[in-house]
Amino acid sequence: MSIEDKIINFSKSRKEPDWLTEIRLKNFRKYFEFKKSSISDSPVEKRYTTFEIEEFLDNIPDEPHSGKFYEEKEYFIVDFTKNEKLNIKAESLKYTVLMGIREALEKYPEIVRNSMEDPKDEWTALGNALWDTGIFVIVPENRRCEKLMKFKTIFPGDIMVKKDIFNIGNNSYLQFVEYSNSMEKFNGIEETTINIGANSNLKHLTMIDGGQSKMVSVKNSHLMLNAYDEWYYALKNVNKHIMLSNADLLGDYSNLEYKGAILANGNEHYDVNTNIYHNGKNSKSNANVRATLEGNSRVIMRGSIKVSKNANNSNAYFAGNSLLLSENAKSNALPFLEIEGDRSQARHSASVTNVDYDQLFYLQSRGVDEKKAKNLLVEGFLDPVVRQIVIYEGTRYLIYD
Amino acid sequence: MDKREELKDIIPEKNYNGNFVTRARYPHVFEEGLSKSVVEEISEIKKEPEWMKRFRLRALEIFNSKPIPKWGPPLDLDFNKIRYYVLPDEVKARRWEDLPQEIRETYERLGLPEMEKKYLSGSVAVLDSEGVYANIKKQLQEKGVIYLDTDSALQKYPDLFKEYFMNIVPVGDNKFSALNGAVWSGGSFIYVPENVHVDLPLMTYFRMNLQSEGQFEHTIIIAEKNSSVSYIEGCTAPIYNTSSLHSAVVEVYVKENAKVRFTTVQNWSHDIYNLNTERARVEKNGKMEWVGGSLGSKVTMLYPSSYLVGEGASASHLTIALASENTWKDNGAKVLHLAPNTSSKVISKSISMKGGVSVYRGLIRIPKGAYNAKSHVQCDALILDENSKNFTYPHNEVYEETSTLTHEASAGKIGEEQLFYIMSRGLTEDQARSMIVLGFLDDVLKEIPLEFSLELNRLIKLQLERYGGTG
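Line by line, the protein sequences are chains A and B.
Everything in the first sequence is counted per our numbering, starting at 1 for the first residue and increasing by one.
Everything in the second sequence is counted per our numbering, starting at 1001 for the first residue and increasing by one.
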């Protein structure tokens, strides 16, 4: 059976409409196109992170994923380890729409379809080709955030592909927090599409505790006129994580701020990629990723800023900083810039450093013992990117030691 | 008189336009195309030893087996539309007077003889495929410094040559190094013995004269313990409509405590593919400096690399790239820190204008065991109009805890505020623009020997003038 037949079977067994099967196949072909080389490739880059697509496709389950959705205190919990028919329905929400993506396929087929039309990279294409489950949120126009939504997702111990869509209307505001916990053998792709309407704001936090699983996380944001996207994320405990965030600043005066923290340990491998496309005039972006590396861990930090010819007066900044805490840690930084035209400013910086021994000595001379002093320095290093997470969630998520 | 003023008289303005053709004799001009017989014939004309002939044939096999790189700029190059060997005249002169008149006139127009007299320790002139002139100051010759074109070095110092030829750049390194191994001809060979300091620079001038020509020079520089040398390359060619290929290999060996500075001022015409492999091996406490000014050519792919193999070795890479109409400048640097306490600095400044594309593509690798290695990379780009592009693709790999790597880059336009400030002081917009551009390049320009920074300065102003601003 060819790979394409597998996808047709996959789609048939879930009783999907024909257009969806077709668009899945189209996305899948695009996945292989993206794998081919482009001008930004260099011979050294190819071997950084590998993904066993064959093995992944062979183990995709025939049945749709089951799970349980329930509300507990302020949390919306989606537990994919429970063997029940997944039915996402939140009673505490008044005008924000929350449902499963399969349900949305019937009620809002256009939005689902639009989100699959034009993948920008190989992982989005693969996610589009294979998604099985996910959540769907619509915030109507002119609504302030009705409450801080907190999602807790528990991933199962096998292969799963998830697609979430957040659609925020014009002049609205949404805040949400997303926790992901996963079982040990989880191997999956989660793709999130976020559309932010004109004059709307979004603030969200993502925290992933991987349970030594393998994951591909993709986030695609589209920002309209004067939209603002504020995102904070922290990753830890994932065995192999490909994390990709594409932000398309389509509207004039759109603005984004991404702050990421990676706490790598053991044999973990992170490949974090931030792609920012400036298309609107006066658009602004500011992204900073900071990683601390212990054990044999490895972090590949990519960032790419692409400024199109029309993006007059746009301003972009990307910074990637790594702190090496053990002798076997490895860090790669690949911050790319692709600038067309003479109307914009773009900058990036990257650094890979170790703990400053002068600072350590200073702290120790003030009576702080070595381990504590080191922790303080690590905390200080991560502070700019994790401050928001600490404000929302306390230090519960981040344990510095 | 101020030194700058003095130099202005020596280097007349017309030097900066290399667009004229030398009417030389040309006893050997090969037909276009590459085959086994072409390689054998080159070896025969040069009366080379048997091992070199075998080496060339093996390199040709490697060349044929390697694919054209899929990454980087578009290379629509037909290897069968290139002349692989062009011999202008069978002459190896040691004095300018001994050169045939036409060739001498060429170099006089380019200003090389005056420059040699004033501020060079020696010079080599390479016309098309062969070195036609080589000279070095007597006192340096007595100290044992060797400065020759590479073919003569093979004949005169075969053992020394064999030891260093295609050593740090192996023949199978990439498609173009293999091509160079197969058809190499010309280039310069420098050997500086222990404790000898060559105080004035050595200069080689490369000139391509015919159309659809290939120039494949091979340059080898060996600096023994505690020695120092500065080497300068200049390149020009007249303008034709067909593509020519310049594919050089440069190998630099920096021994303990030695210091080598390698400067290239490249102003090829806009029909030349410039695909070079340049590499240096730096031993304990050695110092390697690459300085490059890349102004001409159609496509340039040039990533000078430094392998820091000895403790305390250091490398610095300074480049200026100017991409104008129909040019693609793929410049970069590669530094491998293979020993403790090594340090490197990369500064790249690129300017894109009139639809040109400039690219920085670099690699810094600090493997495990390179304790306290330090590296700093800075790439700045200035884009002067809306059709031009700049791409930056740095690769930084760190596997050592105690090392430090920092990287920063910026790309953008000329600041409105800067422009306004200078104009408010009474200068015109054009003057202000060219002032800002030259200021942007200053970090690198000040590292280049005065007479060449002056030349570069003028070349850049000339380019800007064509673009609309005046210098």
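Keep in mind that the hints were calculated from the coordinates and are not lab data.
A portion of the hints provided could be inaccurate.
Mimicking DSSO-like on lysine-lysine, the simulated pairs with C-alpha atoms at most 27 angstroms apart in a straight line are [stated by the list, open to error]: (1) B:Lys1287 <-> B:Lys1225; (2) A:Lys240 <-> A:Lys35; (3) B:Lys1070 <-> A:Lys120; (4) B:Lys1117 <-> A:Lys240; (5) A:Lys36 <-> B:Lys1070; (6) A:Lys85 <-> A:Lys120; (7) B:Lys1070 <-> A:Lys281; (8) B:Lys1368 <-> A:Lys371; (9) B:Lys1118 <-> B:Lys1070; (10) A:Lys284 <-> B:Lys1117.
So the derived list for chain A, only partly shown, Cβ under 7 angstroms to chain B, looks like this [stated by the list, open to error]: (11) Arg29; (12) Asn332; (13) Arg347.
None of the values given here were measured: they were computed from a predicted structure.
Glycine residues also receive a C-beta, built at the ideal position from the N, C-alpha and C atoms.
Which numbered hints fail: 4, 6, 7, 9, 10 and 11
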